[in-house]
Structures are given as C-alpha cells and as structure tokens.
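A.B. asks: Chain residues, written in single-letter form:
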Amino acid sequence: MISSPHEYSLSELIKAFGGEIEGDPNVRVRKVGTLENAGDNAITFLSSARFLAQLLHTKASAVILSDAYRNATPLSRIVCDNPYAYFAKVSALLNPPLPAVAGVHPSAVVSANALMGARVSVGPNAVIGDSAQIGDGAVVGAQCCIGDRAIVGSETRLHSGVTIYHDCHVGDRCILHSGVVIGADGFGIAPEAGRWVKVPQVGRVIVGDDVEIGANTTIDRGAIDDTIIEDGVKLDNLIQIAHNVHIGAHTAIAACTGIAGSVRIGRRCRIAGAVGIAGHLSIADDVEISAKTLVTKTISEPGTYSGGYPFEANSTWRRNAAQIRHLDALVKKVKQLEKRIADMERKPS
Amino acid sequence: MISSPHEYSLSELIKAFGGEIEGDPNVRVRKVGTLENAGDNAITFLSSARFLAQLLHTKASAVILSDAYRNATPLSRIVCDNPYAYFAKVSALLNPPLPAVAGVHPSAVVSANALMGARVSVGPNAVIGDSAQIGDGAVVGAQCCIGDRAIVGSETRLHSGVTIYHDCHVGDRCILHSGVVIGADGFGIAPEAGRWVKVPQVGRVIVGDDVEIGANTTIDRGAIDDTIIEDGVKLDNLIQIAHNVHIGAHTAIAACTGIAGSVRIGRRCRIAGAVGIAGHLSIADDVEISAKTLVTKTISEPGTYSGGYPFEANSTWRRNAAQIRHLDALVKKVKQLEKRIADMERKPS
Amino acid sequence: MISSPHEYSLSELIKAFGGEIEGDPNVRVRKVGTLENAGDNAITFLSSARFLAQLLHTKASAVILSDAYRNATPLSRIVCDNPYAYFAKVSALLNPPLPAVAGVHPSAVVSANALMGARVSVGPNAVIGDSAQIGDGAVVGAQCCIGDRAIVGSETRLHSGVTIYHDCHVGDRCILHSGVVIGADGFGIAPEAGRWVKVPQVGRVIVGDDVEIGANTTIDRGAIDDTIIEDGVKLDNLIQIAHNVHIGAHTAIAACTGIAGSVRIGRRCRIAGAVGIAGHLSIADDVEISAKTLVTKTISEPGTYSGGYPFEANSTWRRNAAQIRHLDALVKKVKQLEKRIADMERKPS
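Chains as they are written, first to last, in my numbering: chain F, 1 to 349; chain P, 1 to 349; chain R, 1 to 349.
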C-alpha cells in the first residue's frame with residue numbers, strides 16, 4: 001500500500017461524514033488497511049459478519065462498522081449506516097488523486113484551435129485534435145489521443161493512453177483508464193453477394209458525468225444515432241459496448257461483458273462479469289444479471305437473472321453434459337413411461 | 001449525428017447504385033437517419049417488417065426499401081433488392097472518410113530506411129521501424145507503432161494507437177481501429193519440471209485486403225508458420241485470434257470471441273459474440289455460430305451451431321441448474337423405471 | 001517465417017541441451033519448421049502420435065522426438081524426454097530476441113530523477129515517470145508509459161505501448177506485450193442511495209520474475225493490499241485480473257479469461273480460455289480448468305474442472321436447451337412416476 005501524508009482524528013472524520021464514535025475520538029489515522037493487514041494508524045472497516053473472526057485479530061487503530069456490530073470490538077470505532085461507503089469516503093480523504101501538473105507538456109501535440117480550459121494538464125506525447133474542447137481542470141494523460149471536435153468535461157481524468165475518436169463527448173468528473181477506446185466504428189456491415197459492405201458509423205458516443213471506465217474497455221460510436229452512457233455509470237475493464245447501446249444512469253457493469261448493438265439498459269442495473277446481451281434487447285431498471293449469463297430476451301421486470309452452467313469435476317461434468325444432448329429424448333421417454341403407467345393403472349387388476 | 005456537406009438527389013443516387021424511384025426523383029438528401037430520428041433532408045431505410053410501424057411515423061425525406069414494401073409509405077423512396085447494402089453505399093457517399101493530411105507529422109519517428117508510398121499520412125508521435133513499408137495513400141494514425149519490416153498496404157487506414165509487430169503484413173484498403181495489436185507472441189509455452197519454457201514465436205501475421213479489425217482486438221503471430229487472415233474478413237472489438245489461426249475470406253466475427261491456436265475457419269462464416277473455438281479445430285465454409293457457444297469439435301457441414309445456456313429468473317435457474325448436476329443419475333433412474341414398468345407389463349394380470 | 005542467421009549441427013545442439021542423436025550428427029540446422037512446412041536446414045519436432053503421418057512426409061533436415069518414436073523416421077534426429085521443451089530451447093537459440101538499441105531515444109520523455117540501469121533501451125515516445133526504476137538491460141518499447149515510482153526489473157522487455165501505473169512493480173526477465181495495462185484502478189464502488197461512491201484503489205500490482213503477459217491484458221491494482229502475480233506466471237491476451245487477486249507461481253492462463261476480485265489461485269494451475277472465476281474464491285495448486293467454465297465455488301483439490309455447455313446443431317440445441325427450463329419439473333414428474341410404479345408393484349396382482 002502506498003503511504004499517505006494526510007492524518008485525521010476520528011472526531012474530524014465524523015464531522016466530515018457523520019456517524020458516531022465508540023471509544024477514543026482522538027485516535028488518529030493516516031492510512032486505510034484491510035482487517036487482516038492493517039497496522040498502526042490505519043483505519044479499516046467491517047462490511048459483513050463473514051469477517052468477524054478477522055475483526056478479533058485486526059491490528060488496525062480504528063474500525064468503521066454498522067450498528068449491528070457496535071460492540072464487536074474493543075477498538076475505537078465509527079458506527080454508521082453504510083460502512084463500505086463511509087470507508088470509501090475516508091479513503092478518498094486519506095488518498096487524494098495523484099496531483100497532475102497543470103499545463104501542456106512540450107512533447108504534446110495540441111491543435112492550435114483546440115479549446116483548452118483553465119488548469120488543464122496535458123501529459124507527454126498526448127495528441128489533441130482540431131476544435132477539441134478540454135474542460136477546466138481536466139487531466140489528459142500521457143499518450144492520450146483526443147480526436148477532432150471531441151469534448152472532455154471538467155475535472156475529468158484520462159489516464160495515459162486513452163483514445164477518444166472525433167466528435168465524441170465525455171462528461172465532467174469522469175475517470176477513463178488506460179487503453180480505453182471511445183468512438184471506434186461500430187460493427188456495421190451489410191452482406192451483399194458473399195462480401196460485406198461497410199456501413200459508415202456516423203453517430204457519436206456521448207458519455208455523461210461521473211462515469212468511470214476501466215482499462216481497455218471499448219465503446220463504439222453509433223451507426224446513425226449516438227451511443228449513450230448516462231451519468232454515474234461504472235464500467236470495469238475489457239468491456240465491449242456496441243453501437244447505439246444506451247446505458248441508464250448509475251448502472252455498473254463488471255469486466256469482460258459484451259453488450260451487442262442497440263441494447264437499451266435501464267438505470268441502477270448491476271451486471272456481473274462476462275455477461276453477454278444480444279442485440280436490440282431492453283433491460284428494465286434495477287435488474288441484476290449474474291456472471292456469464294447470455295441474455296437472449298428482453299427483461300421487463302426488476303430482479304436477478306442467471307444463466308451460468310454449473311461447473312463440476314471434469315468426470316462428473318462429462319457424464320452430465322453428455323446427457324444434455326439427449327434431454328429432449330429423455331423428456332419424450334418419460335412421457336411414454338407416464339402413459340404406460342397410466343395404462344396399467346387403468347387396467348383392472 | 002455528424003453533419004455532412006454532401007447532397008444528392010434520388011435520381012443521382014439511382015444513377016450511382018441502381019434501383020428504382022417511387023415518388024419525386026428530385027428529392028435531395030444530405031444525411032442519413034434512422035426511421036425514428038431522421039429529419040429533413042435525411043434518407044433512411046427499412047430493413048425488416050419489424051420496423052413498419054416506425055416507417056409510418058418517420059420524418060425522413062426519403063426511404064430505401066425492398067419491393068415487398070414498395071407501397072408501404074407515401075414518402076419518396078428507392079426500391080432495391082438489398083436495402084441495407086444500398087443504404088451503406090449511400091451513407092458512404094454522404095459520409096466520406098475523414099480527410100487525413102498527407103505527409104509525416106514532425107513529431108512522428110520514421111526510420112530513414114522505411115519505404116513510404118505516395119500520399120501517405122503519418123500522424124503525431126507515430127513510430128515506423130526499419131525497412132517498414134507503407135503503401136500509397138495509407139493513413140498511419142497518431143501514436144501507431146509499425147515494427148521493423150512490417151508492411152501496411154495501400155489506402156489502408158490505421159486509427160490512432162494501432163500496433164503492428166515486426167515482419168507482419170496488412171493488406172490494402174484495410175481499417176484497423178485503435179488499440180489493435182497485430183503480431184504479439186502467441187501463447188507458446190512448453191512445460192518442463194513444473195515451469196514453462198517459452199517457445200519463440202517466429203511466424204508472422206498476414207492480413208489480406210479489405211479487412212476491418214475492431215478496437216483492442218489482438219491477432220498473435222504464428223509460432224512457426226504464419227497466422228493468416230484472408231481478404232474481406234471483418235473482426236469486431238476485443239477479439240482474440242491465437243497463433244496459426246487461418247480465417248477464410250469474408251468471414252465476420254463479433255466482439256469478445258476467442259479463437260484458440262491453429263484453428264482453421266472457412267469462408268463466409270458468421271461467428272457471433274463471445275464464442276470460443278478450441279484449438280486445432282476446423283470450421284467449414286458458411287458456418288454460423290451463435291453467441292457464447294463453445295466449439296469443442298470440428299464442424300464439417302455448413303449450418304448454424306449453438307451452445308448458449310438458457311437464462312432465466314435466478315430462482316428458476318437455480319432449481320434447474322441444480323438438477324443438471326444430477327442429470328446422469330436421472331437418466332439412470334428413468335432406465336430403471338422403464339425396466340420396472342416392462343416387468344409389470346410382462347406380468348400376467 | 002522469419003529467417004535466422006544462426007546455424008548449428010545436431011552434435012552442437014546435444015552438447016547444449018542433452019539428448020541423443022540417431023543418424024548424422026553433422027546435419028546442420030538454421031531454422032525451425034513445422035512437420036508440414038519445414039524445408040532444407042530446418043529442424044522440427046514430433047509432439048504426439050497424432051502427427052506421425054506428417055512425420056512421414058516432412059521435408060525437414062532433422063527432427064526432435066521422444067524415445068517412443070526413435071525409429072519412426074529415417075531423418076537425422078534428436079531423441080529426448082521432452083521434445084516440445086527441447087524444441088523451444090533450440091528455437092530460442094536459432095531465434096534470439098530482436099536486438100534493442102541501448103540508450104534512450106531522443107523523443108522519449110524520461111524524468112530526470114528516474115533511476116536508469118545499465119544497457120537500458122528506451123524506445124521512441126516512451127514516457128518514464130518520477131522516481132521510476134528501470135533495471136539493467138531492460139527494454140522499454142516505443143510509446144510505453146511507466147508511472148511514477150514504478151519498477152521494471154532487469155532484462156525485462158516491454159513491447160511498445162505497455163502501461164504501468166504508478167508504484168507498480170514488474171520483476172526480472174518478464175515479457176509484457178503491447179497494450180498491457182498494469183495497475184489501473186480495481187472496480188471498487190460502494191452503493192449509497194442509488195449511486196456509487198468510488199473506493200480509492202491504493203494497493204499496487206506486484207509482478208514476479210519470468211512472467212509473460214499477453215497483448216491487451218489488464219491487471220488491476222489492489223484496493224488496499226496488493227495484487228500479486230508470482231514468478232513464472234504466463235498470461236495470454238485479453239485477460240482481466242481484478243484487484244487483490246493472487247496468482248501462484250508457474251500458473252498459466254489462456255486468453256479471454258476473467259478473474260474477479262480477491263481470488264487466490266494456486267501454483268502450477270492451468271486455466272483455459274474464457275474461464276470466469278467469481279470473487280473471493282480459492283483455487284488449489286495444480287488445478288486445471290476447462291475453457292469457458294464459470295467457477296462459483298472454491299476448489300480445494302487438484303484435478304480438472306469443467307463447465308462448458310455442449311454445443312450442437314442449432315435445431316438440436318434448441319430442443320434440448322428448451323427442456324433445461326423444465327428440468328426441475330421433469331425431476332418431480334419422475335419422482336411421481338416412481339411412486340406410482342412402487343404403488344403398483346406393491347399391489348397384489
């Protein structure tokens with residue numbers, strides 16, 4: 001863990017974020033730690049009863065926990081409603097974002113007619129195209145490439161090596177990690193006489209505010225209309241968002257998931273890793289989808305949906321999977337048996 | 001949608017691309033639109049009966065449709081055999097590729113003995129290695145890296161941040177999107193005494209003409225012989241093509257699919273997203289594979305193949321998936337029941 | 001295949017790597033080849049009986065094979081215990097890594113207080129941050145970005161376009177391919193009132209020695225403690241390793257696999273492509289996992305585990321997959337039939 005120069009007492013923390021203190025309000029913390037590995041001056045948190053055993057042995061100086069576990073430790077502690085979110089805020093206080101030097105690095109290539117906001121930081125070898133707009137306080141990392149007429153919002157941070165194609169927009173306070181590609185062409189190809197004709201992708205990608213996008217994730221520009229990522233969406237690494245997808249606000253999607261073209265996903269959905277969603281479907285608000293599920297129909301109701309195949313030791317899996325190939329035949333056989341039983345039952349004994 | 005400075009009448013369009021006009025041949029269009037969102041001066045298309053309701057309400061100035069729907073709208077329209085491909089060509093006319101400035105940007109690092117064709121454009125901070133060849137009219141985007149002795153064909157466009165390793169070839173008129181990596185080492189490792197010995201990957205990647213490759217897709221160089229992508233292949237984003245794969249002409253593969261080593265895929269195949277194909281298999285020409293299918297055996301016949309697990313509400317999925325673990329036992333039980341029934345049927349009543 | 005300027009006799013090879021010669025020890029080889037395509041002066045290998053037919057027709061000058069096939073060819077040959085590993089070593093001898101020019105390219109941007117080892121090569125437009133350390137003989141390819149305080153070990157080779165975030169460590173003799181991102185933020189978000197609060201990711205990524213990482217693979221930094229990749233781990237392309245994962249030494253993972261947060265994987269595991277492992281699980285040493293398996297429980301015993309759904313022609317798949325939705329009902333029906341049969345059997349005839 002990286003050390004932090006900041007230090008706060010528990011009483012300063014509850015002034016900032018609420019909650020109550022049990023124990024010594026003057027305990028000072030200057031870093032975060034896990035229950036298992038935290039040491040002196042570290043603050044940790046208890047998110048679930050699963051970790052109560054670890055709580056007994058933690059060497060942290062203070063703990064954040066919920067009312068249910070108020071008395072589960074003799075350590076000084078902050079009692080609050082949502083210990084994980086509380087911890088997130090304390091950690092953000094102790095670990096502010098790395099400072100970025102304002103100004104354009106001399107090796108960067110910035111178009112003379114790009115509109116550069118105040119306090120913008122542009123890293124080494126970054127490229128910013130004609131008429132691009134970079135908002136106040138934005139950080140464009142080393143080797144980023146911002147296309148012509150693209151817009152990067154205020155206080156948004158692009159880590160090194162982010163690509164934003166021409167005409168795409170990224171909102172305020174976003175975080176885009178290395179290798180993200182925004183606005184590459186969607187996969188639009190029309191078959192004609194055994195070949196493919198490219199369908200020009202003339203839409204854009206419009207990313208809202210407070211969106212975070214993980215490393216090497218790709219979001220394609222729309223074929224005609226735009227691809228839309230609403231405010232507060234959180235995308236993990238290596239996700240594919242196809243053209244004309246629309247993702248509702250505050251939806252979170254885990255790594256390796258692929259969303260096919262024109263899918264419309266609601267607000268506050270939680271989509272696990274390696275999920276696939278087939279083209280042109282709609283997903284309602286507040287839907288949860290389990291890992292590796294292939295969604296092949298529209299989901300109109302909130303709830304949790306799953307489709308992973310159960311894994312087993314190979315020898316068992318082999319036997320069961322082989323029978324899947326005969327499942328329909330098994331169903332037919334059972335129906336016949338049922339009929340034969342009914343026949344016998346009807347027979348006078 | 002990005003506006004276009006080009007404008008054509010319907011009669012000009014049919015002169016270029018064929019088809020017939022119903023309605024006013026002098027209607028002029030200057031952009032494309034969807035049935036739903038098209039406005040004045042926009043041309044749209046009807047690809048399927050599914051969208052007839054949208055056709056009734058479209059505000060487009062003209063529509064491209066097939067003979068079956070010739071009279072489905074009072075708007076001026078072009079009637080043709082393949083409306084989607086026709087639309088693709090009209091859109092290409094209205095939306096020509098972004099112009100690229102010919103010449104080498106002063107920040108690019110180009111080897112003195114690279115062979116540069118006529119009208120080549122090399123973007124800022126691009127790197128071109130020793131004895132690399134860049135064909136006439138090719139565009140090497142910002143921050144691309146072209147290895148020693150690599151070849152980029154004529155009129156090929158590499159968007160920013162494309163990597164082509166040494167000795168690999170990309171044909172003419174290709175489009176490679178940001179983050180594409182051509183020619184990284186294949187995953188060749190030999191086990192020896194609990195460790196792995198690296199097998200040098202000395203083959204190349206040879207990409208044909210008219211190939212398009214989506215963002216962050218990776219194609220590994222061959223272990224000994226080459227990895228081959230034939231003409232007209234279309235690859236979506238985040239696809240993995242392992243060493244020594246051979247993909248036949250005009251095959252299209254959707255995002256998140258992984259093809260293991262030495263797989264041979266035929267011509268004109270259509271492979272959906274998140275498919276996996278195990279190593280050393282062959283796939284015949286004209287095969288379609290559905291999303292998330294794991295192909296574990298050679299496919300010798302054209303046709304459609306599938307292997308996705310059906311998704312359901314979690315509670316239902318949970319019950320059914322649990323029974324898969326006992327499917328083989330169920331089959332055995334049904335066989336026993338069948339025997340007991342047969343025994344009873346044989347019994348004289 | 002790329003030609004090599006090196007040439008060795010079989011007797012020189014067995015002096016270096018052991019084994020026995022059958023045939024002419026003075027046969028000279030200067031390149032590797034496949035059984036199928038090898039020509040004059042090429043050495044090939046036989047890894048399995050599957051390829052005996054190809055051995056009969058090979059045009060190679062020499063073959064590496066195991067004792068079991070000692071007499072399977074009249075060609076001069078090296079007999080050894082592990083032909084594939086032997087071949088790997090011969091190929092490495094014939095195909096040494098591409099030379100890298102020592103020194104820092106003038107276009108690279110290297111912090112004045114970076115610690116640069118001896119014989120370091122830094123390619124065009126690379127960026128090396130404050131207090132970063134680059135070990136002796138390391139190669140930092142074109143357009144790599146090494147964050148502040150990051151460490152790259154001796155003789156490690158970063159191909160072009162590798163990103164290492166601040167404070168992360170990569171060991172000695174590693175190979176990282178283009179597009180690799182080490183140390184982006186893990187996907188740590190805490191729900192609060194319908195929104196997400198970012199959990200700062202303050203851990204690091206620590207990569208051991210002799211690790212190879214494929215193109216566009218991402219390894220996230222730890223949330224609090226570190227993400228650990230032990231010595232000798234081999235990762236293919238487009239793999240996602242989430243925060244706080246710990247991968248044991250000499251484990252190999254194929255492409256498109258995703259490992260969720262805090263998973264602990266043992267030593268010498270072999271994980272196939274497109275596998276998913278759910279968060280917080282443990283995988284024992286020496287576990288093999290088949291392609292596309294979703295691992296949802298801890299695996300405590302060595303062995304092979306599988307979970308792929310069997311693929312079929314679409315029409316057959318459709319019938320069988322439809323029955324999976326009714327599998328639990330089928331099980332209940334079979335139980336009822338069993339009871340009815342038992343009732344009949346008990347009935348006096």
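Hint data in this document are derived by calculation from the structure and do not stem from the laboratory. Just so we're clear, the structure is a prediction, and the values are computed from it rather than from any experiment. Any given hint could be a false lead.
No more than 30 Å apart at the CA atoms, straight line, and that leaves these computed lysine-lysine pairs for DSS-like [what the hints assert, rightly or not]:
| hint | chain 1 | residue 1 | chain 2 | residue 2 |
| --- | --- | --- | --- | --- |
| 1 | R | K333 | F | K335 |
| 2 | R | K297 | F | K297 |
| 3 | R | K198 | F | K59 |
| 4 | F | K335 | R | K297 |
Label pairs and their computed distance ranges (CB to CB) [to be verified]:
| hint | chain 1 | residue 1 | chain 2 | residue 2 | range |
| --- | --- | --- | --- | --- | --- |
| 5 | P | D130 | R | E192 | 23 to 33 Å |
| 6 | F | N37 | R | T316 | 50 to 60 Å |
| 7 | F | A16 | P | S47 | 33 to 43 Å |
| 8 | P | P106 | F | G103 | 53 to 63 Å |
| 9 | F | G103 | R | P97 | 57 to 67 Å |
| 10 | R | R119 | F | N113 | 51 to 61 Å |
| 11 | P | D328 | F | K339 | 19 to 29 Å |
| 12 | F | N37 | P | R195 | 49 to 59 Å |
| 13 | P | D130 | R | D286 | 57 to 67 Å |
| 14 | F | N113 | R | R318 | 52 to 62 Å |
Covered stretches of chain F (in silico footprint by chain R; criterion: 3 or more residues with CB under 8 Å from a CB of chain R, positions within the stretch not fixed) [to be verified]:
| hint | stretch |
| --- | --- |
| 15 | 220 to 226 |
| 16 | 294 to 307 |
Beta carbons: idealized from backbone N, C-alpha and C, even for Gly.
A.B. asks: Determine for every hint whether it applies to the structure shown.
C.D. replies: Evaluated hints:
no., hint, verdict
1, R:K333 - F:K335, "holds, 9 Å"
2, R:K297 - F:K297, "holds, 28 Å"
3, R:K198 - F:K59, "holds, 25 Å"
4, F:K335 - R:K297, "violated, 35 Å"
5, P:D130 - R:E192: 23 to 33 Å, "violated, 55 Å"
6, F:N37 - R:T316: 50 to 60 Å, "holds, 53 Å"
7, F:A16 - P:S47: 33 to 43 Å, "violated, 56 Å"
8, P:P106 - F:G103: 53 to 63 Å, "violated, 21 Å"
9, F:G103 - R:P97: 57 to 67 Å, "violated, 39 Å"
10, R:R119 - F:N113: 51 to 61 Å, "violated, 44 Å"
11, P:D328 - F:K339: 19 to 29 Å, "holds, 24 Å"
12, F:N37 - P:R195: 49 to 59 Å, "violated, 30 Å"
13, P:D130 - R:D286: 57 to 67 Å, "violated, 45 Å"
14, F:N113 - R:R318: 52 to 62 Å, "holds, 57 Å"
15, 220 to 226, "violated (count 0)"
16, 294 to 307, "violated (count 0)"
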